[in-house]
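Protein chains in written order, with our numbering: chain E, 1 to 323; chain G, 1001 to 1223.
Since the hints were made in silico from the structure, they are not lab data. Since no wrong hints were added, every one of them can be taken at face value.
Below 30 Å or equal to it, Euclidean Cα-Cα: the simulated DSSO-like pairs (lysine-lysine) are: (1) E:LYS154 with E:LYS97; (2) E:LYS37 with G:LYS1130; (3) G:LYS1155 with G:LYS1205; (4) G:LYS1046 with G:LYS1205; (5) G:LYS1155 with G:LYS1073; (6) E:LYS37 with G:LYS1071.
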Amino acid sequence: MLNTRRQPKPLIRPNRSTRLYSHLRDHLRSLVFSLGKLYRQPLATTLTILMIAVALALPACMYILLDNLRAVTQKWDDSGQITLFLNLETSENDIEKLRSRATALEEIETVEYVSAEQALDEFRALSELDYLIDGLAENPLPPTLTLTPSASAKAPDTLHRLVSDFRSYPDVEHVQLDMQWLQRLQAISDVVQRAITIIGITLAISVLLVVGNSIRLDIENRRDEIEVTKLIGATNRFIRRPFLYGGMWYGLLGGVIALLLVFTVLLVIEQPAQRLVTLYNSEFELIFPDFWQGLGLVTTSIALGVSGSWLAVGRHIARIEPS
Amino acid sequence: MIELQNVTKRYPGNREALAQLNLVLERGEMAFLTGPSGAGKSTLLKLVAAIERPTHGQIFINQRNITHIPKNKVPNLRRYMGIVFQNHHLLYDRNVFENVSLPLRIAGYAQADISRRVRAALDKVSLLNKEHVMPIMLSGGEQQRVGIARAVVNKPAILLADEPTGNLDPQLSAEIMQLFSEFNQVGVTVLVASHDLSLISRMRKRIVRLRGGRCTNGDRPVA
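Just chain E, with the same shape it has in the complex (with noise of 0.2 Å):
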């Protein structure tokens, strides 16, 4: 019954070479053997790679979103206008040096003025209030001149110095920056995006956690098997391998629901924003993630998957051994 004719050939020591091959043939062979462990248990993978996904998602979309916010107030920037109130007795010819002294200034672009008769009619034409307007015994509006700094002025430090020196101008009453506003909101988008940073780590640290905590578990469930390769002659990296895919591919697949969630997310608010800047007079159109954000977004999923295995595979292995 049993065949003792055929001695095989003797079996060399694999050589260097053929070390590195076979080497690389075991990474592909973990590679699709951790796939396929995964596809066997569908129920836990899925669940572990959608709280991959949703952590990912949360800071992706509103880091995306704010990005939007700042495309849209950058475009906003352009009408960073300085509005020169002028006392209500200025001589015509005052305003005319007045306004030829602000054209010669090369932090200014464009000059225009308003006077006071303009100023009542687009009153009278705004405020239908005609028959106040036409009680008043003299025109309350003062003249004005709206000055557009060009684009190299538009620094917060030279609009500020400009308005200081308007402000020494003998027949200008008030000088209004038409900034503020944009200063707050951009104050606010800086606090937002600390705290989406901050949402951002801490998502990310619980990736990191889940994933570490499914390896383990796989590699709890598989206590047996390790414990016989190790008998076997395995060293703790060949153990380790198939676990750091399976960190992997979680982190793979993970990172690409992600990104289908953030494009989803877009699609569905893409309308409601697009009316929404309509309603502030401004162009806009909604940024979607480009390809090298979104290939950022589905490597550092799988930079987290293998950390997080890693994590779990360290230790753990080592401290399996057969009994």
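Given the coordinates of chain E, work out where chain G should sit on it, guided by the hints.
Using the frame of chain E, we list chain G on its own:
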């Protein structure tokens, strides 16, 4: 090949599994380890496979002192020996071929070598036609033969077996022992723990009797 010098193994709770045991197994020798349960048979095998460390004494494998072998050197030592277990310890999510090829993959052999070697090992245990079967579909005796194929596939210098016939009927047990004897004939040092005295006395090999962690028949080979 295997040498134990004055080895004592004490487990927590002061239970002494082996007491000042001396044993020398020459290269190419085959011996049976026998004795009642708790005599220290399994402990001795575990010490040789570096699963456990001795409390006192020294252990040499192929003249190399493995008494205090560091953990990262253990895998290499184990690739030098094949181990057969009573309950097979197969991986049940992989087929027979994959189970048997595992030691070769771990050691990094080329695919062509692996296929050739696995088939040779399966041929040796007469399971060549079952290479794509899952272990769960096999009988107990067949599973044990898969375990043996896996233990010998990388041509180890030492073959250790702990009660390899524990769950098998006499006919199958005799076949398994015959298999070990055949490996011994091609130069493998074989150490088999078994309490099946009638079976091993028929094998006409050296028998080491243990009782209470001590060797009761010295080092005398049985003719």
